[in-house]
Amino acid sequence: MSGAGEGAIVLRAADRGADLTWTTGEAARVAAARPRSGLMLEARNLSRAVGGRVVVDDVSVQVRPGEILAVVGPSGAGKSSFLRLLNRLDEPTGGTVLLDGEDYRTIPPRDLRRRVGMVMQTAWLLPGTVAANIGFGPRQRGENLAAAEVAALLERVGLPGYVDRDVGNLSGGEAQRVSVARTLANAPDALLLDEPTSALDEASARGVEELVVGLVDERRVPCVIVTHNKAQAARIATRVMVMAAGKPVEIGPAREVLHDC
Amino acid sequence: MIAELLSSLSSDVMMGLAQAAGAIVLCAAVVALCRRFGVHVEREAAISIGRGLVQMVMVGVVLALLLHGSLLIGALILLLMTIAAAVTAARRLKGVPGPVLVAFWAILAGSGVVIAAMLATSALKPDIAVLVPVGSMIIANAMNACAQAAERFRAEITAHVGQIEAGLALGARPAATVAPYVQSAVYASLLPRLDMLKSLGLVWIPGVMAGMVLSGVSPTYAGIYQFVIVAMILAASGITGMVAVLFMRQRSFSPAEQLILRRGQDA
Chain P
1 MSGAGEGAIV LRAADRGADL TWTTGEAARV AAARPRSGLM LEARNLSRAV GGRVVVDDVS
61 VQVRPGEILA VVGPSGAGKS SFLRLLNRLD EPTGGTVLLD GEDYRTIPPR DLRRRVGMVM
121 QTAWLLPGTV AANIGFGPRQ RGENLAAAEV AALLERVGLP GYVDRDVGNL SGGEAQRVSV
181 ARTLANAPDA LLLDEPTSAL DEASARGVEE LVVGLVDERR VPCVIVTHNK AQAARIATRV
241 MVMAAGKPVE IGPAREVLHD C
Chain D
262 MIAELLSSLS SDVMMGLAQA AGAIVLCAAV VALCRRFGVH VEREAAISIG RGLVQMVMVG
322 VVLALLLHGS LLIGALILLL MTIAAAVTAA RRLKGVPGPV LVAFWAILAG SGVVIAAMLA
382 TSALKPDIAV LVPVGSMIIA NAMNACAQAA ERFRAEITAH VGQIEAGLAL GARPAATVAP
442 YVQSAVYASL LPRLDMLKSL GLVWIPGVMA GMVLSGVSPT YAGIYQFVIV AMILAASGIT
502 GMVAVLFMRQ RSFSPAEQLI LRRGQDA
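Chains as they are written, first to last, in this note's numbering: chain P, 1 to 261; chain D, 262 to 528.
Because the hints were derived from the structure by calculation, they are not lab data. Note that the coordinates shown come from a computational prediction; the quantities given were computed from them, not determined experimentally. Built from N, CA and C at the ideal position, the CB exists for glycine as well. Treat the hints with care, since some could be wrong.
According to the in silico footprint, chain P covers these stretches of chain D (three or more CB under 8 angstroms from chain P) [stated by the list, open to error]:
(1) 418–427
(2) 432–438
(3) 510–519
Restraint-style ranges between C-beta atoms, simulated for each label pair [as the list claims (entries may be wrong)]:
(4) P:H228 x D:A436: 30 to 36 angstroms
(5) P:S171 x D:L458: 43 to 49 angstroms
(6) P:V163 x D:A378: 49 to 55 angstroms
(7) P:G168 x D:Q316: 51 to 57 angstroms
(8) P:G128 x D:I485: 44 to 50 angstroms
(9) P:G252 x D:G423: 29 to 35 angstroms
(10) D:P453 x P:H228: 42 to 48 angstroms
(11) P:S171 x D:S445: 25 to 31 angstroms
(12) D:L458 x P:G168: 33 to 39 angstroms
(13) D:G423 x P:P160: 23 to 29 angstroms
(14) P:P160 x D:A436: 32 to 38 angstroms
Taking the hints into account, I'd like the entire structure generated from these sequences.
So, in structure tokens, the structure goes:
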């Protein structure tokens, strides 16, 4: 896949049993499934109330390895609140999350967040070089990424040669790609994305979409993406969950739920 | 003791009241001048002057009684001052669980360590007449340092929620995500005291030195002693600021390492 969003990529959507061939600007889906592997991410009766107001209300959903679940809905529907519960940035007041059947409350929070990587709406890069940002996660565990590993991650997110760039000089799209690479440096078993392209222009947004789809496919990780953009959900998601007032009101294959996109 | 008190009332106090009357006349003249310019502060000035005089006379009478008490009474007075300082500083710890306790332990740590060190090195006499005024200065400065550190830390945290949560999401320890804000909060609490030390003798001659010189002590010794006091105030402020911020840092996160201190949150 080209980092700049040019050229064609081939994707496989596990639940549809279909290969996806995607050239920038168009999506085409072709049959054939890839064997499933990796981790199953499951929200079970997940709820959260803040000050007596329920922001996430009894959400149960499974996300399979290699699957992208897009969470859509109006502002205030609880999409981001739901996502934050998945890596325990907020505490559920009901229900739990299972990683391959293991209750995430039994996992130390830092291990959990390494395993369930999250890319936020804003990149929130640390002041300094791109390399320092990429190595942030491993450094928290006393590990140092080799220069070759940093270079490989940057190559993967379409930013070859950016190792020594100061993050202050990056565009919004580049910063978001560094944010993705920084999350990948932790080798996560699942990927969460909170409106990762909402602040980007169309071309940069398409580039990040391609990157995410390619990564999920090659690493066979379950992925949950929150987006207000239904067209984006239709382009990249395997399944879509529509939320309203904290509840999932519809969930199903993207082409069925988003038939008008 | 009572006889001594009455004796002081009959001589020094009468002279003080006469001086106060002179000061009130000068204030009244300024109020009259203000009135000519259309600034009407007559009522407010009368209330302020009256309250100020009555309060200070009362404080003087209480101190005259207390300063003849034992060292234990002195320690009790300092403890009560520390509690009052904690209640005052706790107003700046909004959103932190147990704000009064956080402020109390921070102020007690800063002022307690410094007062103990001053007593141990004979920089402070174990005499209630010295212990209470000097101790109160140190406690008051520790209170300000606690409030400044807490305010700065809270402001930094609530302004950097995104950065902190990005760090947490990458598996960082809570302490690592807020390390820059701990540093800036402690520095902010020290800055006024550092400036105070720098400007000592150049911009102002503090009250302790002025009082010592007026009571006949060698000006050189009075200057050195004043430096000791201000340096100890700096030390107390540093300890208080650090303890306050470390307590706040610990209480800013849940046991599951979630950031719980947020803008507009009261508990």
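Now for the hints, and whether the structure bears them out:
no.: 1; hint: 418–427; in the structure: holds (count 4)
no.: 2; hint: 432–438; in the structure: holds (count 4)
no.: 3; hint: 510–519; in the structure: holds (count 4)
no.: 4; hint: P:H228 x D:A436: 30 to 36 angstroms; in the structure: holds (35 angstroms)
no.: 5; hint: P:S171 x D:L458: 43 to 49 angstroms; in the structure: holds (47 angstroms)
no.: 6; hint: P:V163 x D:A378: 49 to 55 angstroms; in the structure: holds (51 angstroms)
no.: 7; hint: P:G168 x D:Q316: 51 to 57 angstroms; in the structure: holds (55 angstroms)
no.: 8; hint: P:G128 x D:I485: 44 to 50 angstroms; in the structure: holds (46 angstroms)
no.: 9; hint: P:G252 x D:G423: 29 to 35 angstroms; in the structure: holds (33 angstroms)
no.: 10; hint: D:P453 x P:H228: 42 to 48 angstroms; in the structure: holds (47 angstroms)
no.: 11; hint: P:S171 x D:S445: 25 to 31 angstroms; in the structure: holds (29 angstroms)
no.: 12; hint: D:L458 x P:G168: 33 to 39 angstroms; in the structure: holds (36 angstroms)
no.: 13; hint: D:G423 x P:P160: 23 to 29 angstroms; in the structure: holds (28 angstroms)
no.: 14; hint: P:P160 x D:A436: 32 to 38 angstroms; in the structure: holds (35 angstroms)
Consistency note: the structure conflicts with none of the earlier hints.
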